[in-house]
Amino acid sequence: MKTMEEVLQDWEAVIGLEIHCELTKLQTKMFCGCKLEFGAEPNTHTCPVCLGMPGALPVPNKGAIENIVLAGLATNCDIEKHTMFYRKGYMYPDMAKNFQTTQGPKAFCMRGWLDLNVDGRGAQERLFWQDLAEGETAENITRTADGYVAHVGITRIHMEEDAGKMVHIGGGEGRITGATHSLVDYNRAGTPLMELVTEPDLRTPEEARLFMQKLRQIFLTLGISDCSMEEGSLRADGNISLRRRGTTEFGTKTEMKNINSFKALHDALAYEICRQAEVLEEGGQIYQETRHWDPSKKHTVVMRVKETADDYRMFPDPDLAPYDLSDEFIERVRGMLPELPDQKAARFAADYGLSAYDARHLVDHRFSADFFEAACAAAGDRAGELAKPLANLTLNDITAYVNANEGIDFATTPLTPERAVQLVSLLAADEISSKQAKEVFAAVLEEDKDPHAIVEERGMKQVSDTGAIEAVINEVLAANPDKVEQYKGGKTGLIGFFVGQCMKAMKGQGNPKLINEMLAKKLG
Amino acid sequence: MAQHVTERDVRDIAEYTRIHLDEDEVKQMTIDLNDIIESLKPITEYDLEGVVPTFHPIGSLSNVMREDVEVPGFTQEEALANAPAKQDDCFLIPSILGEGGDR
Amino acid sequence: MSELFEMGIREIQAGLAAKEFSAVEVAQAATDRIEANDFQDGGVNAFLEFTPEMAREAAARIDEQLAAGKTPSEIGPLAGIPMAYKDNMNLLGTRTTCASRMLENYESAYTATCVQRTLDAGAIPLGKLNMDEFAFGSSTETSAFGPTRNPWDLERVPGGSSGGSAAAVAAGFATVTLGSDTGGSIRQPGSFTGTVAVKPTYGVVSRYGIVAFGSSLDQVGPFARSVEDAALALNAISGHDALDCTSQPVDTDFTANLAEGVKGMRIGIVPAFMQAQGLTPEVKDKVAEAAEHMRTMGAELVEVDLPNAQAAMSAYYVLGPCEAFSNLSRFDSVRYGYCEPGHKDLGGQYEASRAKGFGPEARRRIMLGSYLLSAGVYDTYYYPAQQVRTLITQDYTRAYEKCDVILLPSSPRTAFKFGEISDPMSMYLSDMFTVSLNIAGNGGMSVPVGLGVDTNLPIGVQLQSPQFKDENMFRAAAALEQVYGKAPIAPAFARKAGE
Numbered sequence: 001m002k003t004m005e006e007v008l009q010d011w012e013a014v015i016g017l018e019i020h021c022e023l024t025k026l027q028t029k030m031f032c033g034c035k036l037e038f039g040a041e042p043n044t045h046t047c048p049v050c051l052g053m054p055g056a057l058p059v060p061n062k063g064a065i066e067n068i069v070l071a072g073l074a075t076n077c078d079i080e081k082h083t084m085f086y087r088k089g090y091m092y093p094d095m096a097k098n099f100q101t102t103q104g105p106k107a108f109c110m111r112g113w114l115d116l117n118v119d120g121r122g123a124q125e126r127l128f129w130q131d132l133a134e135g136e137t138a139e140n141i142t143r144t145a146d147g148y149v150a151h152v153g154i155t156r157i158h159m160e161e162d163a164g165k166m167v168h169i170g171g172g173e174g175r176i177t178g179a180t181h182s183l184v185d186y187n188r189a190g191t192p193l194m195e196l197v198t199e200p201d202l203r204t205p206e207e208a209r210l211f212m213q214k215l216r217q218i219f220l221t222l223g224i225s226d227c228s229m230e231e232g233s234l235r236a237d238g239n240i241s242l243r244r245r246g247t248t249e250f251g252t253k254t255e256m257k258n259i260n261s262f263k264a265l266h267d268a269l270a271y272e273i274c275r276q277a278e279v280l281e282e283g284g285q286i287y288q289e290t291r292h293w294d295p296s297k298k299h300t301v302v303m304r305v306k307e308t309a310d311d312y313r314m315f316p317d318p319d320l321a322p323y324d325l326s327d328e329f330i331e332r333v334r335g336m337l338p339e340l341p342d343q344k345a346a347r348f349a350a351d352y353g354l355s356a357y358d359a360r361h362l363v364d365h366r367f368s369a370d371f372f373e374a375a376c377a378a379a380g381d382r383a384g385e386l387a388k389p390l391a392n393l394t395l396n397d398i399t400a401y402v403n404a405n406e407g408i409d410f411a412t413t414p415l416t417p418e419r420a421v422q423l424v425s426l427l428a429a430d431e432i433s434s435k436q437a438k439e440v441f442a443a444v445l446e447e448d449k450d451p452h453a454i455v456e457e458r459g460m461k462q463v464s465d466t467g468a469i470e471a472v473i474n475e476v477l478a479a480n481p482d483k484v485e486q487y488k489g490g491k492t493g494l495i496g497f498f499v500g501q502c503m504k505a506m507k508g509q510g511n512p513k514l515i516n517e518m519l520a521k522k523l524g
Numbered sequence: 001m002a003q004h005v006t007e008r009d010v011r012d013i014a015e016y017t018r019i020h021l022d023e024d025e026v027k028q029m030t031i032d033l034n035d036i037i038e039s040l041k042p043i044t045e046y047d048l049e050g051v052v053p054t055f056h057p058i059g060s061l062s063n064v065m066r067e068d069v070e071v072p073g074f075t076q077e078e079a080l081a082n083a084p085a086k087q088d089d090c091f092l093i094p095s096i097l098g099e100g101g102d103r
Numbered sequence: 001m002s003e004l005f006e007m008g009i010r011e012i013q014a015g016l017a018a019k020e021f022s023a024v025e026v027a028q029a030a031t032d033r034i035e036a037n038d039f040q041d042g043g044v045n046a047f048l049e050f051t052p053e054m055a056r057e058a059a060a061r062i063d064e065q066l067a068a069g070k071t072p073s074e075i076g077p078l079a080g081i082p083m084a085y086k087d088n089m090n091l092l093g094t095r096t097t098c099a100s101r102m103l104e105n106y107e108s109a110y111t112a113t114c115v116q117r118t119l120d121a122g123a124i125p126l127g128k129l130n131m132d133e134f135a136f137g138s139s140t141e142t143s144a145f146g147p148t149r150n151p152w153d154l155e156r157v158p159g160g161s162s163g164g165s166a167a168a169v170a171a172g173f174a175t176v177t178l179g180s181d182t183g184g185s186i187r188q189p190g191s192f193t194g195t196v197a198v199k200p201t202y203g204v205v206s207r208y209g210i211v212a213f214g215s216s217l218d219q220v221g222p223f224a225r226s227v228e229d230a231a232l233a234l235n236a237i238s239g240h241d242a243l244d245c246t247s248q249p250v251d252t253d254f255t256a257n258l259a260e261g262v263k264g265m266r267i268g269i270v271p272a273f274m275q276a277q278g279l280t281p282e283v284k285d286k287v288a289e290a291a292e293h294m295r296t297m298g299a300e301l302v303e304v305d306l307p308n309a310q311a312a313m314s315a316y317y318v319l320g321p322c323e324a325f326s327n328l329s330r331f332d333s334v335r336y337g338y339c340e341p342g343h344k345d346l347g348g349q350y351e352a353s354r355a356k357g358f359g360p361e362a363r364r365r366i367m368l369g370s371y372l373l374s375a376g377v378y379d380t381y382y383y384p385a386q387q388v389r390t391l392i393t394q395d396y397t398r399a400y401e402k403c404d405v406i407l408l409p410s411s412p413r414t415a416f417k418f419g420e421i422s423d424p425m426s427m428y429l430s431d432m433f434t435v436s437l438n439i440a441g442n443g444g445m446s447v448p449v450g451l452g453v454d455t456n457l458p459i460g461v462q463l464q465s466p467q468f469k470d471e472n473m474f475r476a477a478a479a480l481e482q483v484y485g486k487a488p489i490a491p492a493f494a495r496k497a498g499e
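Residue numbers (my numbering), protein chains in the order written: chain R, 1 to 524; chain P, 1 to 103; chain D, 1 to 499.
Excised from the complex, chain R in its bound form (with noise of 0.2 Å):
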C-alpha cells in the first residue's frame, strides 16, 4: 500500500464526521425521571417509559432541551424554533421502544460552522496551503503564520435518546459474532444524546481529528457532558470518500463506527484513504458499506453492506408536543454561555500579549488554560511580566510531565499556581539560573516543596552581588596572568575559560550573564 502521503498527491479526502454526545451532566434521562449514572447494577435506572412498558409515554427533559441549544450557540448554528421529534423504527433489543425517538428535517440546530486551526506537523497532511499568502483563502481554508484555518460546517445537531446496551456471549471476546446469546441492560436506554453531523468539509484525518477535539473542548467547557471517549459518552462516526485531485463529484463512501479515540479517528481515516485508494487504482469499486477500526490490528473490517437505503418509517411522534421555542428560551440560554476556548485564547493573547500560537496552544486543553490563569492570578500585578515564561511553563514543562505520568493532570500536581509563579519570577530576578530552573521544577514535583524552600535548602541561590562577583573576578585574573596577556593580545575566546574558572569558584551559583558582562568589562 501507498503511504497516505503519497496517496493524497493525486486524490482527495473527503471526510464528514456524525459525532454522538451523551448529555451526562444531567440528572435525569431524556424522556423520564430515571437517574442517569454510568456503571450501576443492571437493570436499575429503568420505569416504564424508558423500559417502553405498554401505555408509557415520554415527557422531555427542559435540561436537554437546553444543553442542545446551547452546544448550538457554541458552534454558531441557527437555533431552529419550530421543531418535532419523530420516531425512527427499527426493531433492535436494546431499543426498549423498537422506534428511537429523535428529530425529523429540522433539528434544533441547523447550519453551524466551526474554524480549525491546523499547524505544526498535522497541516503537512494537507496540500498546497503553502502556496497561499498569509491571509489568503481557497476553498475552505485560509492561511496562517504559522498553518492554516480550516472552515467546517456543520449541518446539524439533533436531540435523540441513546439505546441500552449489550453484553454478547459465547463469541469471542465479547464479540456479537458467533455469541449464543445475549443480555441486554437498559440503564442507558434514554439517556440524552446529541448528534452532530458535519458537512463533508473535512481533508484530511488531522483534521478530522482537530474538529473532534476542538468539539470535545466545546462540550466539556459548556459542561454538557464528561465527553469520555473510553466510557462512551462521546462516540465518532467517520464518512470517507476519495475522489481524483481536480474533480468535484462525490465518490462512494465507507462509514467507520464508533470510533472511541482521537488516535484511532485519525488512523482509521488514514487507513481508509490508502485502502480506498489502492481499491480505486487497481480498478475496483468501493462499495457503500460500514467499517469496523480494529486498533490492535491496525486496519479496517466490513461490518455490514448497505444495499438499500435504510427505511426508518420516520414520521412525526405524536405522543410529544412540537417545539415552538422563544426567543426568550433561546436568550435566556445564550446567557447561560460560559467563556468558549476561541474567546479565551483571543482574551489570552490581548490582555497577557501571548502569541495567537501560544494563546490557542494553552486552551486546547481546559486544565492548562484554567491553571495558567490561575497562575496569572496569584502572579497579582506582575502578570503582565510574567505571562510569557508562565505560558512556557505550563505549554512545556508541566503538559510534559502531566502527559507523561498517567493519574496526575493539572489539578493535582504538586507544582501549584502559586508555586509557578515562585519559580517564574526567581528566573526572572536572575536568582537561579534556566539550568537551576529545571532542577527546581523537578524538585517541586518531588519533594511537593515550595521553589523557595528548595533554592534555600541546596543553597542553589544565584549569586548575583556585584560585589561578591568582583572579588571572584579579581581573584581569578589575579591567579591567571599569563591567560590575560594572551587575551588582551587578542585571544578573546579565553572570555569561556574565565566565566567557567569564576563559576567552578562560585560553586555554580554565579549569575554567568552578570559574570561575562564584568568580565568583558574588567579585560577592557
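These are calculated hints, taken from the structure and not from any lab test. Quick reminder that beta carbons are idealized off the backbone N, C-alpha and C, glycines included. What you were told as hints is all true, and nothing was included just to trick you.
Computed beta-carbon distance windows for the label pairs:
#, chain 1, residue 1, chain 2, residue 2, range
1, D, Met274, P, Val52, 28 to 34 Å
2, P, Val52, D, Glu292, 36 to 42 Å
3, D, Pro249, R, Ser228, 37 to 43 Å
4, D, Glu107, R, Lys35, 21 to 27 Å
5, D, Met274, R, Lys35, 54 to 60 Å
6, R, Glu418, D, Pro249, 55 to 61 Å
7, D, Val483, R, Lys35, 55 to 61 Å
8, D, Ala14, P, Val52, 48 to 54 Å
Here are a few chain P residues that face chain D, going by a calculated C-beta distance under 8 Å:
#, residue
9, Tyr16
10, Ser39
11, Leu48
12, Phe91
Pulled a few chain R residues facing chain D out of the computed Cβ check, cut under 7 Å:
#, residue
13, Pro48
14, Gly52
15, Met53
16, Val59
17, Gly89
18, Pro93
19, Asn98
20, Asp311
21, Arg313
22, Phe315
23, Pro318
With the hints as your guide, set chains P and D onto chain R.
For chains P and D alone, coordinates are given in the frame of chain R:
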C-alpha cells in the same frame, strides 16, 4: 382492482415488521391490504395544495417539558418481572446474528 | 327501592351516607352478579380478569372511613362506586392483556393515571374488561379470549372495541366503566348497548398507562347508565397529567349545566349524514326524533356542513394503522409479552412470537401501517392524511360558528350478530359517523334514545361538541335523558317484575 402491493412486497413488509407469514397468509394478506389501500384512494385524490398538516390535534400546545429532576422508577426486580427470559439481572435473548439478525 | 346494582352514583353515596348499606355490601352485590352472569357458557364474557379481592379491600377501606365519620363526598367523588376498566389500562395487581395472546401473561407494571384517579376517588375496582384485540375492531369479536355478548341479545355483538366496558354497564355489573375511543370505540358500543358513552376532547383525560393504538386519536372516557354518572366519572378522571405531554389543564365541572335544558341551544344537523349510504331507517328516524324533541324543548335546529367528512374515513384508516404499527413494535418478546421458546436466533424468536402473539386484525393493521409509512409511500397517504386532518378541523370550526352541538347517528345500525360482518372493509364502515371526531380531537358521546322499531335493539344518538366544550354535549344529553329516561339495564339482566 389496482395492485398496490404484490406478494413479494407483503413478504418484505412481513420481514420488516418481524411477523412470520406462511404462504397462504401471504396470499390472503396481499388481497386484504390491496382492498384496504384501494379504499384509501380518496386521500390521494384530494386537492391539498398548500394545506398545512396537523400532526398533533392539540391546538397551540407546545414546548411541553419536565424539570431535570429524578423520579423513582422500577426496582431491578420490577424491571425484570415480566421478562420471558433473564440471566444475571439482564434480559436474555438468543443470538442476534443467528439469522438475519443484523442491524 | 332500587337494588344496589341499579343505583347511580348519587344514590349509592346517599345510601352509604345514611348507613343503609355498606361499601362492602355494594362490592359484594356487584361481584355476586358478575359471578352469576358473566363467566359461565353463554354468559356475557365482559370480564377478562375479575378482582373480587381487590374490590372487597377497596370497599372495606371506604367503610373504615365512613365509620370514622367521613361522608362519601369527603372520601372522594367515586367513593363506593363499582367500576371496571377496559383491559388496555394498566392497573397494578392485574394483567393488562389488550385481549391479545401477546399480553396474556403481562402483569401491569404500573397503574394508568386515569385508573389511579378513580381509585383515589374511592372507586371499587371489579376487574378488567374485554375488548377487540389492541382495540382493533368494532365488535369485540377480535378478542383472543372470546367475544363479549350484548346483554340485550346474547347472539349479538356489543360493539367495539370497548365492548366489555359497554356490556358491563348494560348488564348492571358495574355502575361506571372506562373505555377508550380511537375511531368510535366508546360511542359505537354505547349505541349498541344503550348506554351513555363519552369520548371527551383529546387531552381532557391522560393517556398515560393506556396501551396505545393511535396515539393522536386515542382518548379515554366513561360508560354509565346516566348522563350525570358519566359526568361525575369524567370529573374524576379529567385534568392535566405531567406524564402525558398531550394532556391539557382542564378543570371543567361536567355536571354544571346538566339541569339547564336545551332552550336556546343551537343543534347542528348535517343533512349529508342523514342521507348516508348504509344508514338504516330506524336509526335515521331516531336521530330525527331526537332532534325534534330538542326543538320542542326550545333548541334551535340548524343545518351545518362537514364537507370533508368523506375523506375522514380514509384519513382514519391511514393514521390509525401508521401509529398502531409503530406503537406495537415494542411487543418483541424481550422485556415482556409472548415469547415462543426454543429459538436459537433472535430473528426467529421475533417472527414466531409476533406471528402467534398477534391476531389477524392486529397483523393486518401493523403491516398496513408499515407499508403506508415506507419511503415513497409516506407522501402519498400519511402526509395527505395529516393535511385532511387540518381540513376536518376547519370544517368543525366553521360548523361550530353556527351551532353549539352537532347531532348525528352514533352507528349506522343496531348491534349485529356474531360473524355477520366478516370482511374487514365492511367492518370498517361501522365507524363512518365516529372517526371524524377523533381526527379533529373533539368531544362526542352516544346517548340512548330507546329501541329501534325494526330490530327492537338499543339505538344511541351522537352528540358532538367543540374542543374543550364537552359541557355542551353533556347539557344536550341531559335534556335527551329527560325525554328518553336513563339507560335501562338490559331486560334479561334487569330485576323482573315482582322481584
